[in-house]
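> Whole structure, please, built from the sequences with the hints as guidance.
Sequences listed follow chains S and X, in order. Counted from 1, the first sequence has number 17 at position 7 by this note's numbering; the numbering is strictly sequential. Counted from 1, the second sequence has number 41 at position 31 by this note's numbering; the numbering is strictly sequential.
No wet-lab data here; the hints were simulated from the structure. Among the clues, some could well be false.
Identical copies go unnamed one by one, so any copy, or any two together, can satisfy a pair.
As the list claims (entries may be wrong) - The calculated lysine to aspartate or glutamate pairs, modelled on EDC-like cross-linking and capped at a C-alpha distance of 16 Å, are:
#: 1; residue 1: K69; residue 2: E34
#: 2; residue 1: K170; residue 2: E120
#: 3; residue 1: K69; residue 2: D99
#: 4; residue 1: K69; residue 2: D101
#: 5; residue 1: K170; residue 2: D68
#: 6; residue 1: K69; residue 2: E156
#: 7; residue 1: K69; residue 2: D118
#: 8; residue 1: K170; residue 2: D99
#: 9; residue 1: K170; residue 2: D118
#: 10; residue 1: K170; residue 2: E127
Here's the letter readout for the chains.
Number of protein chains: 2
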Amino acid sequence: MTQSTPAIPQTVIDLSPLRMLEAELLAMPPVAALGLRIVEATGDRLRLHAPLAPNINDKGCAFGGSLGSLMTLAGWGLIVLRLAEAGLDADVFVADSDIRYRAPLYADIETTAELAEGESWEDFLSTLRSRGRARLSVRAVVCLPEGGVATESLSRYAAKLRG
Amino acid sequence: MTQSTPAIPQTVIDLSPLRMLEAELLAMPPVAALGLRIVEATGDRLRLHAPLAPNINDKGCAFGGSLGSLMTLAGWGLIVLRLAEAGLDADVFVADSDIRYRAPLYADIETTAELAEGESWEDFLSTLRSRGRARLSVRAVVCLPEGGVATESLSRYAAKLRG
Numbered sequence: 011m012t013q014s015t016p017a018i019p020q021t022v023i024d025l026s027p028l029r030m031l032e033a034e035l036l037a038m039p040p041v042a043a044l045g046l047r048i049v050e051a052t053g054d055r056l057r058l059h060a061p062l063a064p065n066i067n068d069k070g071c072a073f074g075g076s077l078g079s080l081m082t083l084a085g086w087g088l089i090v091l092r093l094a095e096a097g098l099d100a101d102v103f104v105a106d107s108d109i110r111y112r113a114p115l116y117a118d119i120e121t122t123a124e125l126a127e128g129e130s131w132e133d134f135l136s137t138l139r140s141r142g143r144a145r146l147s148v149r150a151v152v153c154l155p156e157g158g159v160a161t162e163s164l165s166r167y168a169a170k171l172r173g
Numbered sequence: 011m012t013q014s015t016p017a018i019p020q021t022v023i024d025l026s027p028l029r030m031l032e033a034e035l036l037a038m039p040p041v042a043a044l045g046l047r048i049v050e051a052t053g054d055r056l057r058l059h060a061p062l063a064p065n066i067n068d069k070g071c072a073f074g075g076s077l078g079s080l081m082t083l084a085g086w087g088l089i090v091l092r093l094a095e096a097g098l099d100a101d102v103f104v105a106d107s108d109i110r111y112r113a114p115l116y117a118d119i120e121t122t123a124e125l126a127e128g129e130s131w132e133d134f135l136s137t138l139r140s141r142g143r144a145r146l147s148v149r150a151v152v153c154l155p156e157g158g159v160a161t162e163s164l165s166r167y168a169a170k171l172r173g
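Okay, structure coming up:
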């Protein structure tokens, strides 16, 4: 007896900028290894999550390198999303990063990135449009589940129009 | 016809502090994901290597997070080895890290960590012995194969005697 295979419905995949960013992030092997997921994105804030297990160190808490990577990616993603929203096609690079490890984190990692004090999206986008390149500072923080800060960073990014 | 199985010679495994450090590093899932290997260790310098493939980003060069992780680990390992040599049983934590990304790296990552300017092993070890805790700054650098610097960092570590 043969069994008929049901036809697979053809759907149009409508990837939002957020899902496109997540797919772009996860296409990088070192980012896939972190187990990263986007949990919140507004125009002004991006929040990423990663489970503790793939990011655990010899002391049973979150590995400093993973915390640094996630904070760097949160800032990078925040800018990439804003550029997509503004219709600008640009590469974004991290230029430098200052990281402060305040307390060990014995839980999943959640980091939130926002513009650093004194920065403005309007200035950044207008400089990028007029000069083809611009810099922007982003602050990222990883909180402790019991309150307080586990890790925080201030990173500068450079964006460069493509083509 | 049966074939005799040759006896497997029983050897005593003599793990040097270097191999023990490598095993300790690779036991952490996020470090294993980097593909890290120790390539050189003197009392004053530790050099780590990681292939580009597991650490590649969306632009085909080394991911900033991986560079940061490797530099942080190089400094950490440098201190851990020196403590083992001094016969001190201590935990070592990274306290803060300033990273400068100078140029993209389209090759395997090799980072070298050394004491930062003005730091002294003697002062660090004697403070740790007398007070049970001490801090130390380490400089790490990733060079470009064609010469020049890809990335450099200055990180502060805290050591705390166990028990």
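> If a hint holds in the structure, say so; if it doesn't, say that too.
Taking the hints in turn, this is what the structure says about them:
1. K69 x E34: For K69 and E34, the Cα distance is within 16 Å only across copies (11 Å; inside one copy 31 Å).
2. K170 x E120: Neither: 28 Å inside a chain and 27 Å across chains, both beyond 16 Å.
3. K69 x D99: Between copies, since 14 Å is at most 16 Å while 42 Å is not.
4. K69 x D101: Between. Shortest inter-copy distance 9 Å satisfies the 16 Å Cα cut-off; intra-copy 37 Å does not.
5. K170 x D68: Between copies only: 15 Å across, 39 Å inside.
6. K69 x E156: So K69 and E156 fail the 16 Å test inside a copy (19 Å) and across (38 Å) alike.
7. K69 x D118: For K69 and D118, only the intra-copy Cα distance (15 Å) is at most 16 Å; the inter-copy one is 28 Å.
8. K170 x D99: within (9 Å within a copy, 48 Å between copies)
9. K170 x D118: neither (33 Å within a copy, 25 Å between copies)
10. K170 x E127: Neither: 22 Å inside a copy, 35 Å across copies.
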